[in-house]
Amino acid sequence: MRTGKVRSNPIITSEMKIKMRGWRTALGIAAYLGVLMLIGFLYYMAFIQTNMSWNSSVNARQEAGMQIYIALAVVQFALILLITPAQTAGTVSGEREKQTLDLLLATKISSVGIIFGKLISSMSYILLLIITSIPLFSLVFLFGGVTPGDMLQLFIFYMITAFAVGSIGIFYSTLFKRTVMSTVVTYITIFFLGLVSVILGAYMISIQYSGTMPQPSNPTVPFVLYINPAVGLADILVTEPGGFSTLLGLSIGPVGRLDFWIVNSMVMLVVAAMLLIISMYKINPVRRISFKKGKKRK
Amino acid sequence: MLRIVNLVKKYGNFTAVDNLNLELEKGDIYGFVGPNGAGKTTTMRIVATLLEATSGTVLVDGINASENPVRVREKIGYMPDFFGVYDNLKVDEYMDFYGSCYGLSKAERSKRTNELLELVDLRDKKHEYVDTLSRGMKQRLCLARSLIHNPELLILDEPASGMDPRARLEMKGILKTLKDMDKTILISSHILHELAELCTSIGIIERGRLVYSGRLQDIMRRITGKTILEITLLDKTDKAVNLLREQPLVEDIYGEDNTLEVSFNGGEQDMADLLRLLINHGIPVLSFTREEGSLEEVFMEVTRHADR
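Residue numbers (the numbering used here), protein chains in the order written: chain A, 28 to 325; chain B, 1255 to 1562.
No wet-lab data here; the hints were simulated from the structure. Certain hints may be false.
[Stated by the list, open to error] The list that follows gives simulated cross-link-like pairs (lysine-lysine, DSSO-like), each with its CA atoms no further than 30 Å apart:
id: 1; chain 1: B; residue 1: Lys1493; chain 2: A; residue 2: Lys125
id: 2; chain 1: B; residue 1: Lys1379; chain 2: A; residue 2: Lys46
id: 3; chain 1: B; residue 1: Lys1329; chain 2: A; residue 2: Lys125
id: 4; chain 1: A; residue 1: Lys125; chain 2: B; residue 2: Lys1280
id: 5; chain 1: B; residue 1: Lys1490; chain 2: A; residue 2: Lys125
id: 6; chain 1: A; residue 1: Lys125; chain 2: B; residue 2: Lys1344
id: 7; chain 1: B; residue 1: Lys1264; chain 2: B; residue 2: Lys1365
id: 8; chain 1: B; residue 1: Lys1360; chain 2: B; residue 2: Lys1380
id: 9; chain 1: B; residue 1: Lys1392; chain 2: A; residue 2: Lys44
id: 10; chain 1: B; residue 1: Lys1426; chain 2: A; residue 2: Lys44
id: 11; chain 1: A; residue 1: Lys204; chain 2: B; residue 2: Lys1360
id: 12; chain 1: B; residue 1: Lys1365; chain 2: B; residue 2: Lys1344
id: 13; chain 1: B; residue 1: Lys1365; chain 2: B; residue 2: Lys1392
id: 14; chain 1: A; residue 1: Lys125; chain 2: B; residue 2: Lys1379
id: 15; chain 1: B; residue 1: Lys1433; chain 2: A; residue 2: Lys204
id: 16; chain 1: B; residue 1: Lys1329; chain 2: B; residue 2: Lys1264
id: 17; chain 1: A; residue 1: Lys125; chain 2: B; residue 2: Lys1380
id: 18; chain 1: A; residue 1: Lys46; chain 2: B; residue 2: Lys1426
id: 19; chain 1: A; residue 1: Lys204; chain 2: B; residue 2: Lys1392
id: 20; chain 1: B; residue 1: Lys1380; chain 2: A; residue 2: Lys309
id: 21; chain 1: B; residue 1: Lys1264; chain 2: A; residue 2: Lys44
id: 22; chain 1: A; residue 1: Lys44; chain 2: B; residue 2: Lys1329
id: 23; chain 1: A; residue 1: Lys204; chain 2: A; residue 2: Lys125
id: 24; chain 1: B; residue 1: Lys1433; chain 2: A; residue 2: Lys44
id: 25; chain 1: A; residue 1: Lys46; chain 2: B; residue 2: Lys1365
Here the structure is a predicted model, which means the values were calculated and not measured.
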């Protein structure tokens, strides 16, 4: 019986089997959670040492809880940005290096099936890391100040970010023959998205405020910031109503009714989809993308 | 089964395959011979839908490879000259994975895996990790993999490369079995005498052009322009040599004891006439055979031309 496209994709089945075999995955998860636990513990110790206790005022406890939450959120975000390229940037180039790509392309599996299989099997590991961190994050609820809704929003954003970064990795792994090259270029791209876009964005904001007299009545968020997931994260973590853009006194332009992080997520999803479509085209040896999987033999 | 019409593949100004035409009937075993870089692998990759042709048509069982690659892949089993294996996959899992890639059901995958591992003599390695197998075993496994979906046409690019003599013999045995199974096979190899034994036809490719194509003996004659006859006599060797020297179609005679190698310029009727002549002159002929052409000789001749 066929049970849906994702479960019947042989690449996902096979790679999950390989990944889950042995201790590497379990050790990876343990190390990941270890880092997050250490950060949470250090912040908790700082909370104790600032002479606060469980008898402190509700506001003080909530403030401490919020600090731990932000620290964990930022560290987890950084870890996702670090780990995802390592998981995805070698998926197709690795097949090429192992000389198994031709064997795969000579079968009936479509280029869409190969790219999605590779993406989902590598993303499943990231997803596993994100999901296993939920109990750790939930400890913040003991302090108050953070709602389950806030955390749901954060975890949705994590998954979208991982998907977008994963797509960049897949894209470069189809573009470059060597995994080392595709990994390096993926990290450079993320660095540009993260840091350079902020510098450019700050410069563009400063232009909006300077040189024009009187000041613009409705300054907007520079477009370059929409591609930066770090700004989206900042928007989620800013507690002021209206989030990050209101804090800076900026409007988010034509999609002004939506939160910045939602627009940011939408931009990332569109870019990721484009990169995946290009990857599917690039990997196809006869340059005809087939979206239909061949019929099952009887 | 396979029809290649005016196939051209260019990389910039370099023409890798130049107007190549080829036709294979069902059950044919066609050997591709040529020096390195002649265009054998490029042609095979185009047929396997792994490379786009610049122009020309490839039809597999009447299906156009560039228009309908997925349907062509169903009919083709491809074994490249260089290939890798997945770490951490066992032999049966490896076969199962490729079976799934061809859309076979679980029961069918299991049945085909058992049959093919039996064929390539790897049944006892079924639960071992692929990367622990020897090179020869990996080659046999790759051949089994290419057969998982029971293809009608097999494209084997140097299937015996890098194998020791024993492994080569085993591979040859498997190919003979496939021949008996009426598979159509397009094979390239540098182990020429094995190719000569196996193939129904040979194609010689040089600088992207198919310069000769047909039965090995015919190619031999077209290249060297002569046939070698091996004649074994009971006695009267001197009389036979003198008689043969008088014949205008006999070019040269080499002798060792009672066996003569005669370089002959005639056709099949002329050969029959020559045998009758020997017998009519009372020469006791024990055997009279046309020597199978040496593919090495043909290969050397062609590559000598190519080097010029």
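Hint check results:
1. Pair hint B/Lys1493 plus A/Lys125 does not hold up; C-alpha atoms about 66 Å apart against a cutoff of 30 Å.
2. Only pairs whose Cα atoms come within 30 Å are accepted, and B/Lys1379 paired with A/Lys46 is accepted, the gap being roughly 22 Å.
3. Taking the CA atoms of B/Lys1329 and A/Lys125, the gap is about 25 Å. The hint holds against a cut of 30 Å.
4. A C-alpha spacing of about 34 Å is found between A/Lys125 and B/Lys1280, which places the hinted pair above 30 Å, so the restraint is violated.
5. Distance hint between B/Lys1490 and A/Lys125 is unfulfilled; the C-alpha atoms sit about 65 Å from each other, more than 30 Å.
6. Among the hinted pairs, A/Lys125 with B/Lys1344 is consistent with the structure: their alpha-carbon atoms are about 17 Å apart, no more than 30 Å.
7. Simply put, B/Lys1264 and B/Lys1365 have alpha-carbon atoms about 42 Å apart, too far for the 30 Å limit, and the pair is violated.
8. For the proposed pair B/Lys1360 and B/Lys1380, the alpha carbon gap of about 16 Å is at most 30 Å, so the pair holds.
9. Straight-line distance between C-alpha atoms of B/Lys1392 and A/Lys44 comes to about 21 Å, which keeps the hinted pair within the 30 Å bound.
10. Distance hint between B/Lys1426 and A/Lys44 is unfulfilled; the C-alpha atoms sit about 35 Å from each other, more than 30 Å.
11. Taking the CA atoms of A/Lys204 and B/Lys1360, the gap is near 34 Å; set against the 30 Å cutoff, the hint is violated.
12. For a cut-off of 30 Å, the pair hint linking B/Lys1365 to B/Lys1344 stands: about 16 Å separates their Cα positions.
13. The hinted pair formed by B/Lys1365 and B/Lys1392 meets the criterion: a straight-line CA distance of about 20 Å does not exceed 30 Å.
14. In summary, the hint linking A/Lys125 to B/Lys1379 is supported, as the alpha carbons are separated by about 22 Å, within the 30 Å threshold.
15. A threshold of 30 Å between alpha carbons decides the hint, and for B/Lys1433 with A/Lys204 the separation of about 37 Å lies outside it, so the pair is violated.
16. This hinted pair checks out: B/Lys1329 and B/Lys1264 have alpha carbons roughly 26 Å apart, not beyond 30 Å.
17. The hinted pair formed by A/Lys125 and B/Lys1380 meets the criterion: a straight-line CA distance of about 22 Å does not exceed 30 Å.
18. This hinted pair does not check out: A/Lys46 and B/Lys1426 have alpha carbons roughly 37 Å apart, beyond 30 Å.
19. Between A/Lys204 and B/Lys1392 the CA atoms are separated by roughly 24 Å; this keeps the pair inside 30 Å, and the hint holds.
20. Proposed proximity of B/Lys1380 and A/Lys309 is contradicted: the alpha carbons are some 35 Å apart, above 30 Å.
21. For the hint pairing B/Lys1264 with A/Lys44, the CA-to-CA distance comes to about 41 Å; that exceeds 30 Å, so the pair is violated.
22. Straight-line distance between C-alpha atoms of A/Lys44 and B/Lys1329 comes to about 29 Å, which keeps the hinted pair within the 30 Å bound.
23. Restraint check for A/Lys204 and A/Lys125: the C-alpha separation of about 11 Å stays at or below 30 Å, so the hint holds.
24. This hinted pair does not check out: B/Lys1433 and A/Lys44 have alpha carbons roughly 36 Å apart, beyond 30 Å.
25. A hinted pair counts as satisfied when its Cα atoms are at most 30 Å apart, and A/Lys46 with B/Lys1365 qualifies at roughly 26 Å.
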